[in-house]
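Asks: Take a look at the letters that make up each chain.
Protein chains: 2
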Amino acid sequence: MLERFHVPDTQAVRVDSDGLRQTVISLFEKVGVPSDDAAVAADVLVFADLRGVDSHGVSNMLRSYIRGYNEGTVNPVPKWKIIRERPATATIDCDGGLGVVVGPKAMEIAIEKAKNVGVGMVTMRNGGHMGMISYYAMQALDHDMIGLSMTAAGPGVVPTFGSEPRLGTNPIAVAAPSSKGHPFVLDIATSIVAANKLGLARRIGSLIPGGYVTDMEGTPIMEENPLPEQYRVLPLGSTREQGSHKGYGLACVVEILCGILSGGGYAFMPERLANPYGHYHHMVAAYSIDAFTDVDDFKGLMDDWMQGLRDTPTAPGHEKVIVPGGPEDEEYQKRIHGGIPLHPEVIDWFKDITKELEVPYLLSIDGL
Amino acid sequence: MLERFHVPDTQAVRVDSDGLRQTVISLFEKVGVPSDDAAVAADVLVFADLRGVDSHGVSNMLRSYIRGYNEGTVNPVPKWKIIRERPATATIDCDGGLGVVVGPKAMEIAIEKAKNVGVGMVTMRNGGHMGMISYYAMQALDHDMIGLSMTAAGPGVVPTFGSEPRLGTNPIAVAAPSSKGHPFVLDIATSIVAANKLGLARRIGSLIPGGYVTDMEGTPIMEENPLPEQYRVLPLGSTREQGSHKGYGLACVVEILCGILSGGGYAFMPERLANPYGHYHHMVAAYSIDAFTDVDDFKGLMDDWMQGLRDTPTAPGHEKVIVPGGPEDEEYQKRIHGGIPLHPEVIDWFKDITKELEVPYLLSIDGL
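Chains A and B, in that order, give the protein sequences.
Residue numbering for the first sequence follows this note's numbering, beginning at 63 and increasing consecutively.
Residue numbering for the second sequence follows this note's numbering, beginning at 63 and increasing consecutively.
Chain A with its partners taken away, still in its complex shape (with noise of 0.2 Å):
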C-alpha cells in the first residue's frame, strides 16, 4: 500500500465495523433495497474498509450507490435470472442490480457447481458496480476452492498507442487457501492505478506518479505531478516498452470473459454510452482444490510456498517480501479491533446522509 493513496492516520476518526455496517445497511433499505440484499451489500463494503482498501470502501462507493438508486442508474429491486447454464457454467442477466448485491449470490452458483463437476464459472451482465472485487473470490475459501473474480467497467483506460479511452480498469481477483496464516488474496487493477486511487488521491492532495495518467492527447505524462484537470489512465507497464501492451492485453481478457461472453457488450459500444443503466459486465469462478489434488496436500504447499516468499532476502532499502494479501489481513486485525479510520469528510457525509433520509447514525468510537 502506498501512502499517498491512504488516508493519513492523524486526519483520521476511527469507527467500529459494526456500527459502520448496521448504518449503511439502513441507508441501502431507505434507498429501496430490501433488507437481505441491503445486508449483503453492506458486509460487501464494510469488509473492505476493514481489509484497509479505503478506495473501495464506504467513502468512495456507498454516496455514488445512493446517488445511483436516487437518480435511477440502479434498480433497487433487481429481478437478475439466470438466462443459460450447463453444468459448469452459468449466465446471469442483472437486471440493473449493484454487482454487490447480486454478486455474493452468483458466487455461490459457481461453487456449488465447483461441487459438483470440479469448476464452476457465472458471467453477469447488465449490473452494477461490484465494490471490492477480492470479496467474491474469497467466498470460494472456506469451501476449499479457488476463486476467481473480474470486472469490466466503463471505458476509462487507453489502449497502448491510444489516445481515447477503451477499456475499464477491469480488475482481476484470485483467492487461495492456506492452512496456516492468511490465505493468498491478489486484487489488482490491470490499469497502472485503480481509478478510486486517483480520486483518493486528489482529495488528499497527494502527487501522482510519473507513468500513470496521459495528457488528452494520450502522450503517458512520465514525472510525478498533482493529478491533472483531464487525464486519461494508462495500461499496467504505462509504455510500450515497459510493457503497456501486457496490461492492455490483460484489460481485454477481462472484457472478453466478463462483457463479451456475458453477451452484454463492450465498454466504449454506443449502446452501452448512452444508456446509464446496468453498466457494468463481471465473471465470478470458483475451482474445487479437491478436483484437482489432495486438499491438504494443497494447503501445504501453499504454507510452504508463501513462508519461502515471504523469507525472500530482501533489496537495498526494503524490509521484506510481501505476499499478496498479507497487508489486507494484517490491516483487518487491526481495524477489527481498533476501528476503521475515516476522513472527518466521510463521518460529515454520514451524518448529512442520515439526518437526511430519517435513519439512525450509528457510527460509534466507543468501546474501542
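Quick caveat, the hints were computed from the structure, so don't treat them as lab data.
Hints are all accurate, no fakes.
Pairs involving identical chains hold if they fit within one copy or between any two copies, as the list cannot separate such chains.
Below, in silico cross-link-like pairs of lysine-lysine (DSBU-like), each with a Cα-Cα straight-line distance of 30 Å or less:
no., residue 1, residue 2
1, K413, K396
2, K167, K141
3, K361, K141
4, K92, K417
5, K143, K361
Using the hints provided, position chain B relative to the given structure of chain A.
Replies: Quick look at chain B alone, frame taken from chain A:
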C-alpha cells in the same frame, strides 16, 4: 514487437516452413520421440516461428530440447496419465514428457470436457517446456471456444522487494475467436520480459531497457544497458510504484494454478531444484462460448470491439493501436509464403546437428 528482440532481416536467411518442420520432426525422432509426438512437437515450434515469436521457435528451443533428450532430463516416451478427474477437470502427470508433446493432448481433453459441461480445465505436473503457450489456447478457436494456457517455470524472477528469484516468467495466454480477420490472441510473460527474449537480445547485441533486470543484490537497473553477465528478471511493472506487485501477483496465480493445484510443487522448492527432471507445471482450459451466450452474437461483438480498438485515435508519434494477436497474424501471412528468417548461426547449427544425427537436412529457400 520491439526490434531489439528480433533478428534483423538483413542478417537472416529465409527458410521454407514445410522443410523446417520435416527436419525438426526427423531430429525429434532421432532422439527417441515417437513419430506422432515428434510431428506435434515440431508443429508447436514451427508455428511459433511462423507467428514471428522467434524467442520460442526453433532457434532458442530446439537445441535446448535436443540437449534435454540427450542428457536424459526429458523423457522421450512419457507414460503420461490422468491421475484425478471430474466432469470439468483433470490432473495429468506428464512423466517428464515435454510440454510441446503432452500439452496439445491435454488441451484436447479440456475441449472435450468443455463440450460436455461448458468448461474444461486441465492441470499438468512433472512436465517439460511448453514452447509458445498460445499454441494451446489457440486450439480452442476452431471449436468456438475461448482457450487459456499458462505455465509455471523455474525460478528466475524476483518478487517485489526481493533479491533472489522465487518465480518463473510464468506466462499466460488467452485466445478468443472472431468472425472477421484474426482471432484475439494474447501471450505474455508475467515478468517484464520473457527470459528467451533476453537471450536473443544478447545474441544479436541489443541493449536492454531500464526496469527489466536487477543487479545481484536485487536493485532494479533503471538505465538502458547491455544485459549484465549476471542478473535477475523483474516482474511486469518493474518497481512497486509502477505496479510490480501486480506482475509478481499474477506470477503467483500462475504458480498456484499450475504448480500447486496440480500437486507438482513450486519453483523454488528444494526437491525441484535438486531434480532436473519434470521441472515444469502447466494449466490449460477451454470455455465453450455456447455455454454462456450465442456464438454468432459473441463473434459479432468481438468483430465490432476489435475494430473499435484498431480505430482508436493514436497518441502523438504512434501509427496505430494494435489488437493482441494482430502482429503475429500478419507475420504468419508473410512467413507462410515468404519463409521464416533464421540467423545464419542457427542455419549452421541445423547443418551440424543434422550431419551429427544423420538426418536429412531439408531447410530450403527454394520456391519462395
